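Based on the provided sequences and hints, a complete structural model is requested.
Number of protein chains: 2
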Amino acid sequence: MSHTLGIRQAQKQKTRQALLDAALGLLEEQSLSSLGLREVTRAVGVAPTAFYRHFRSTADLGVALVEEALGSLHPMIRTTVSTTDDSQERITRAIELIARHVDGYPAHVRFIARERHGGVQPVREAIREQLARFAQEVKDELAEDPVSEGWSEDDLLMLAHLYVDQMLITASLFLEALEGPAEEREERTRNVAQVATRQMRLIGLGRHHWLD
Amino acid sequence: MSHTLGIRQAQKQKTRQALLDAALGLLEEQSLSSLGLREVTRAVGVAPTAFYRHFRSTADLGVALVEEALGSLHPMIRTTVSTTDDSQERITRAIELIARHVDGYPAHVRFIARERHGGVQPVREAIREQLARFAQEVKDELAEDPVSEGWSEDDLLMLAHLYVDQMLITASLFLEALEGPAEEREERTRNVAQVATRQMRLIGLGRHHWLD
DNA sequence: CCATGCAGTTAACAACTGTTCTCTGTAATT
DNA sequence: AATTACAGAGAACAGTTGTTAACTGCATGG
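Residue numbers (the UniProt record's numbering), protein chains in the order written: chain A, 1 to 212; chain B, 1 to 212.
Any given hint could turn out to be false.
[To be verified] Some chain A residues flagged as far from chain B (calculated, every beta-carbon gap over 10 Å): (1) 42; (2) 181; (3) 183; (4) 198; (5) 204.
[Said to hold, decoys possible] Which residues of chain A face chain B? A partial, calculated answer using Cβ under 8 Å: (6) 56; (7) 152; (8) 155; (9) 158; (10) 159; (11) 169; (12) 199; (13) 203; (14) 206.
Please keep in mind that the hints were generated in silico from the structure rather than gathered at the bench. All values reported here derive from a predicted model rather than from experimental measurement. For each residue, glycine too, the CB sits at the ideal point set by N, CA and C.
Spelled out as structure tokens, the structure:
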């Protein structure tokens, strides 16, 4: 059903993407609420007014960035949790997946971590919504596990939220490890991985003894 | 050793506090990186240049706010964790303590949650530092518990960080529950408390079976 | 092939920003 | 009582911001 969109719409989406990319870059050293529309267009090399052809405001652009960033996070979380029962190696692999994702999309991870509690209400809302959907999916994934037999829906959801939050915290810590001086970067990354792994293991233990 | 500071210095600290309070108020609907110095002085009713008598920049003010906000959070966390072994009632009481604190200092909680991953590096650093100190204290508190016998220092610290992060998440959720429309506020608050309590219980379970 | 639609431009606006310099009043020191 | 220190005021600066209007060129659909 996909129509090869004309040279016109193609160019439009190209500049739109350029605006998103430029914004994401500028947001490495500030938050969305201080991001100026002119700042973005200047970075792209386009007139300030062109901005309005794509977004109503920077808040609007922020919401679009949420879709993009959590769209890329989406498959990561699913595979992560589907491999996360309690076994040591599987947890290690899940943590590695997170680390790999942070390596691949650091700006996305930073954006979500920063704007989740940031100063722009519509963006917070969008992130909250997406994370709730993630938690729901994680819950469904958990429900299929034999370990979850006898669990109430509420308890499955509370564990799912615990997992999701834990993943975001871990991702943010990996990001911090990347940002510092390059010398001890590897050591810091290893340390984050080690701590996160053990926290996951502890949560997994709690999960197994939940129905006592 | 405390000298009754003169009428001069008293007035100075008064306006300084007024600047901090005004800033905290303005930060309810934006993040620090977009907070203007003029905006703050205007809210206090003081000349823009007066700002420089107290802070070098808004980032500097932000660091001062971290001290204030986490200074008020400090006793809460200590008492919270000292009452957090696994027993059901004690966990419930700890969660209530958090809820009470969020009720008492919502702006502080919002500020920390928002700027922890925010766009101003020195402020992020200050928060990171303070939270690391908290984790250290929690570790010391945990070490005295008989349940922690046989635990390595590293494992105690990783559990401490888990607790601290969990507290911040819970506090932020309580805040969100307060912010919405007043009608179902109580229900949302109860729900947050319930979920947080069970997550704490699960972590407590994992803690007890750590050495298997 | 021509008329229309629309992405992007140019110019201008009032309002705002951080920062500097100069000045004033008064509490504190001598 | 005279002098100093210093919190805060006032005015001015160059630069920035979001938004509006009228425009231009070109891909598109009739």
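* Hint by hint, which ones does this structure get wrong, listed from lowest number up? -> 4, 5, 6 and 7
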